[in-house]
Structures are given as C-alpha cells and as structure tokens.
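Asker: Now for the letters of each chain:
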Amino acid sequence: MNRRLIKTLVGAAIFAAFAGGVSAQDSKVADELAKYREALADGNPADLLEVKGEGLWSEKRGPKNASLEQCDLGQGPGKLEGAYAALPKYFKDTNKVMDVESRLVHCMVTLQGFTQAEVTKQWFSRPGKESDIEALVTFIGAKSNGMKINVPATHPEEAKMAKMGEYIFYRRSGPQDFSCSICHGQEGKRIRLQDLGNLTTKDGAGTAMKTWPSYRVSQGAVWTMQRRLIDCMRQARWPEPNYLADSIVALETFLQKNATGTVMETPGIKR
Amino acid sequence: MGNPMKIRAANKDGVTEVKVLVSHEMETGQRKDSAGAIVPAWFITELVAKHGDKVVLTSEFGPSVSKNPYLAFKFKGGAKGDKITVSWKDNKGDSRTDEAAIN
Amino acid sequence: MNNQRRTVLKSGSGAALLGMLAAAGIITPGMALADWNKAAFDAKSMADTLKALGAGQPADSKDVQVTGPDIAENGAVVPVGVASSLPNVTMVAILIEKNPNALAASFTLPADTEANVQTRVKMGQTSNIYALVKSDGKFFMATKEIKVTLGGCGG
Numbered sequence: 001m002n003r004r005l006i007k008t009l010v011g012a013a014i015f016a017a018f019a020g021g022v023s024a025q026d027s028k029v030a031d032e033l034a035k036y037r038e039a040l041a042d043g044n045p046a047d048l049l050e051v052k053g054e055g056l057w058s059e060k061r062g063p064k065n066a067s068l069e070q071c072d073l074g075q076g077p078g079k080l081e082g083a084y085a086a087l088p089k090y091f092k093d094t095n096k097v098m099d100v101e102s103r104l105v106h107c108m109v110t111l112q113g114f115t116q117a118e119v120t121k122q123w124f125s126r127p128g129k130e131s132d133i134e135a136l137v138t139f140i141g142a143k144s145n146g147m148k149i150n151v152p153a154t155h156p157e158e159a160k161m162a163k164m165g166e167y168i169f170y171r172r173s174g175p176q177d178f179s180c181s182i183c184h185g186q187e188g189k190r191i192r193l194q195d196l197g198n199l200t201t202k203d204g205a206g207t208a209m210k211t212w213p214s215y216r217v218s219q220g221a222v223w224t225m226q227r228r229l230i231d232c233m234r235q236a237r238w239p240e241p242n243y244l245a246d247s248i249v250a251l252e253t254f255l256q257k258n259a260t261g262t263v264m265e266t267p268g269i270k271r
Numbered sequence: 272m273g274n275p276m277k278i279r280a281a282n283k284d285g286v287t288e289v290k291v292l293v294s295h296e297m298e299t300g301q302r303k304d305s306a307g308a309i310v311p312a313w314f315i316t317e318l319v320a321k322h323g324d325k326v327v328l329t330s331e332f333g334p335s336v337s338k339n340p341y342l343a344f345k346f347k348g349g350a351k352g353d354k355i356t357v358s359w360k361d362n363k364g365d366s367r368t369d370e371a372a373i374n
Numbered sequence: 375m376n377n378q379r380r381t382v383l384k385s386g387s388g389a390a391l392l393g394m395l396a397a398a399g400i401i402t403p404g405m406a407l408a409d410w411n412k413a414a415f416d417a418k419s420m421a422d423t424l425k426a427l428g429a430g431q432p433a434d435s436k437d438v439q440v441t442g443p444d445i446a447e448n449g450a451v452v453p454v455g456v457a458s459s460l461p462n463v464t465m466v467a468i469l470i471e472k473n474p475n476a477l478a479a480s481f482t483l484p485a486d487t488e489a490n491v492q493t494r495v496k497m498g499q500t501s502n503i504y505a506l507v508k509s510d511g512k513f514f515m516a517t518k519e520i521k522v523t524l525g526g527c528g529g
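Protein chains in written order, with this note's numbering: chain A, 1 to 271; chain B, 272 to 374; chain C, 375 to 529.
Be a bit skeptical, because a hint or two may be false.
To be verified - Computed list of chain C residues with no C-beta within reach of chain B, every gap over 12 Å:
1. ALA429
2. ALA433
3. LYS436
4. GLN439
5. ILE445
6. PRO461
7. LYS496
8. GLY511
9. ALA516
10. LYS521
Unchecked claim - Label-pair distances were calculated between CB atoms; the ranges are:
11. B:VAL286 with A:HIS155: 15 to 23 Å
12. A:ALA117 with C:PRO484: 51 to 59 Å
13. A:ARG237 with C:GLN431: 49 to 57 Å
Treat the hints as calculated values from the structure; they're not laboratory data.
Using N, Cα and C, we set each Cβ at its ideal position, and we do this for glycine too.
Bound-form chain A, shown alone:
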C-alpha cells in the first residue's frame, strides 16, 4: 500500500466519522426545532389580528362610508371561503391578474373611496403602528384554511404571469448575481438552521405557501406574501420592488401554481 493511498483511506475514515456525527447532530437539532415550532402553534398571535380583520371587513369606513362586504376576491361579491387559496387570479373588471393584496386595495379604493396612497401607506406594521392590510389579509387568508391552493393559471393572462414569475425566479441579478433559485431551486439546502424549500416542486412550494400569511415571532407581526417576497428581494440585494408590483404578483402566481393542490394551514407562525 503506498503512502498516498493510506492517506486517502485515513482521510476518508475521518471524513466518514465526522459526517456521521454531523448528521446525528443535525437530526437532534431538527427534532428540537420541531418541538419549538410545535409549542408556538397553539396560541398564534395572528389570531388576534384575524379578529381585528373581521371587524375591519364589516365596518363602514372611508369617504363612501361602506364596508368591504361587497368586495369580490374572485369568488363573487362577499364570498371569502377559498378566495385566498385561488389567488392570484385574472379579473375582468381591472383586466389584470391580481393577488389578494392588490384586490383588497382595489376594493378599499372603489368601494370605500380611499385613495390608493392612503390605503397602502401602512401596508405593513411597525411597532406601535398597526396595519389594516395585515389584519384584513390574515382574516381573508384564514377563510381558506383547510382548503386546497387552486391556481392552475389556465387563463392566458394568468399563464403569462406564471411564466413571468418563473423567469424572475431563475433570473440572476443584482450585485451578488443572485437568483431565487440559488437558494430555493434544489433539495436539501439550508441557511444557518433553516431548511430551504425547493419551490420548484409541488411539495416544496406547497410547504412554503400553505402557511401564509404567517406570524413572524422575530418581527412580532403577521407578514403577508407581498412582504415576504419583497423582503426576499432585499435579502438577495436586489432593488426592492414597490408594494403590489407586477413582479411580485408574477412570482406569487408561479409559486401558487406550483403549490396547487396543497391544503392551506393559515395563519402560520414562524421564527
């Protein structure tokens, strides 16, 4: 046996032992994290926001002193059951593919008479500054809990948005030459302790999409999908899109299409 082979063999043995140790450690960590998440699940502060959102939905507000009860989220005026799970969707009246947030803002403008600027000024909360949109989206989302995500994107406009979303998902850009797919296009990736879902598969996209909107304990707030995706872009060091930008709706359409068939578990709770 030559020296080089011995070296290789020893190296391999050490590597194997080390790798074995790491994976045992990994599964223990994963178990403990699962315990942590489980302990948070009962008593999700998002429930508080859901109650608030219900109140905002039926309260007469704005210059037109109207409630949102006639808002059509794609299932007909006032029909909330399953509406979130079937968005984004093409709407004839606006000739646009809209997600839950763009449609909600549309309703607040057309039914209640608010300006778009007024409605979107506080589109996410900060400590001490609550967001009506967060509360309403939490309430609307919960009305799809237990229902299957259903965005087949069969309408030509929806298919176009899904395609655009797919393009953005794989497009490398920004100072780090980053794309969504670098972190979310393969199995078994993680960042620090977080597993990163493969959003190109039904399983991965389903796991990711079914729990939104979600209470983020690190922020003490419910995050909507718009906030989630805009913040992903910030973290990828891309320029941040505007709230309700077509690029975000396109990504949502792509992801919801991939996740179609997955049962919603919302509102979620995350670290």
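With chain A held as given, fit chains B and C onto it using these hints.
Answerer: Only chains B and C this time, still in chain A's reference frame:
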C-alpha cells in the same frame, strides 16, 4: 384600551384549562428606534384571571414576557358556560378586560 | 368565525369597562390588580432577584419542572412552562439568568389553581431558565438551559 384578547377555556374531567392571548407591544425599554433614541418601556405589569368573581390566577409580568403575551393555566372546577374574565394593566396605566365562556 | 369571538370583539375595553365591572361589584377596586413587585423586576442578578422575592436560597427539587425546547429558533418568543407536584404551591416564577433583569414573570396561585403555568418569554442569549416554586411556605427551584439561535432569512 388596546385590542381584544383571545380567551379560550375548556373544562375536562373537572379541570378547566384557560389559554389567553393578549395584544400588547411589550416594549423592553432597551431597544433603539431608527433615529437611535431609546424606545420607552411599555409592558403589561399585572394580569388577573377570574372564574365568576373568584380569582384563579394573578400574574406579574416584566418586560421580558414576549410581545402579544400568551398564558395557559389550569384550575379545579368550572363548568360549561361559566364566565372567565381576564384583566390586565400596563406600566402606562392602560388596562383592558375581556371575557369568555367555558366550553 | 364563531359568535364568541364577536362577543369578545364587541365587549368594551379599558378603564370604562373596569369601572362598570367595579360598579357592578364584579371587580373591587384595589383588589382586582395586585401590587407589582418593582424591586424584584428591577433586580439584575439571580441572587438579588431571589432576595427581592423573599426566596433566599431555594433548594433544588426534582418535583419542580421547567418545560421548554432545548433550542429556540428565535429569542423573541421562547415557550416556557413551570409545573410542580409539590403540595400547596402558592407562587411560581420564571427567571432567566442572562437577561438584563432575571425575573420574567411571577404567578400567584389560589388553592384550586394547579402548579402548571405556561407562557412565552424573550431571551437575549442562550441561558439557564429557572423555575421558582413556593410550596408550604418554602422555596424550591429547578433549571434548564435553552439555547437561542439565529435563524436564516425566515419563511
């Protein structure tokens, strides 16, 4: 003032389990805002739970209880339909009371 | 959405309701909310906190349990619980050794309330968590380490 609490109470085999979610910032007084100024402490100091008019739990909180506090506890007794009342007050003198029936 | 939630939503808030309840004799002013133990919550070290709580040097007890995960994904919300099989428990408290002020919360338990309380606390860093229990007028304690990690991007 503040937003409503969410109170759940369920009786099983003569023991009532109460779960309370409170809407509150629970600001520690150690955090700085974007301008670098300390955000003043603002947190619930006391929370009392009653079954009818009988106190079943008195809690004292410091600022290290998490934002939107959660509390779960059990007491012997209670029957379906009985009233559970939860009151809190914070270090700014604000307070709130909500109630729920035992399931 | 069930009716109970609607009731909660519509039920009044703040001083007005408290006043109403007081007027109705449901809550007696002064009795409703006990005095907050400022000295205990202001204390920094474990020793000073225990002193302010009148607990001295509590004995370790196997009959006191601290529950919580070994690892918390985020220190802002760490689920912790205290349970004890000791008799006549009148008070339980949760202390976090490495927080700026050790005392997180204390609970006074009337006779029919079980020594089993769960809440969620903030942890600035990995630390020992102590559960303090007063049983038959004597103090007992148990501890558990909870590691606080930094997560990834989230989601």
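Asker: If a hint holds in the structure, say so; if it does not, say that too.
Answerer: Each hint tested on the structure:
Residue placement check: C:ALA429 keeps its beta carbon more than 12 Å from all beta carbons of chain B (closest about 14 Å). The claim that C:ALA433 is not at the interface with chain B holds, since no C-beta of that chain comes within 12 Å of its own (minimum 23 Å). Every beta carbon of chain B lies more than 12 Å from that of C:LYS436, the smallest distance being close to 21 Å; the non-interface claim holds. Non-interface call for C:GLN439 relative to chain B: holds, since the shortest CB-CB distance, roughly 15 Å, exceeds 12 Å.
In this structure C:ILE445 is separated from chain B by more than 12 Å, as the shortest Cβ-Cβ distance comes to about 17 Å. Distance to chain B confirms C:PRO461 as a non-interface residue, since its nearest Cβ pair spans about 14 Å, more than 12 Å. The non-interface label for C:LYS496 is inconsistent with chain B: the shortest C-beta to C-beta separation is roughly 5 Å, within 12 Å. Listed as outside the interface, C:GLY511 is consistent with that label: its C-beta sits roughly 18 Å from the nearest C-beta of chain B, beyond the 12 Å cut-off.
A cut-off of 12 Å between C-beta atoms confirms that C:ALA516 is not in contact with chain B; the least separation is 18 Å. Here C:LYS521 stays apart from chain B, with its beta-carbon at least about 17 Å from theirs, past the 12 Å limit. Between B:VAL286 and A:HIS155 the Cβ separation comes to about 54 Å, which falls outside the hinted range of 15 to 23 Å. Checked against the hint of 51 to 59 Å, the pair A:ALA117 and C:PRO484 passes, with Cβ atoms roughly 53 Å apart.
Hint check: A:ARG237 to C:GLN431, Cβ distance near 53 Å, so the stated range 49 to 57 Å holds.
Hints 7 and 11 from the earlier list are contradicted by this structure; the remaining hints agree with it.
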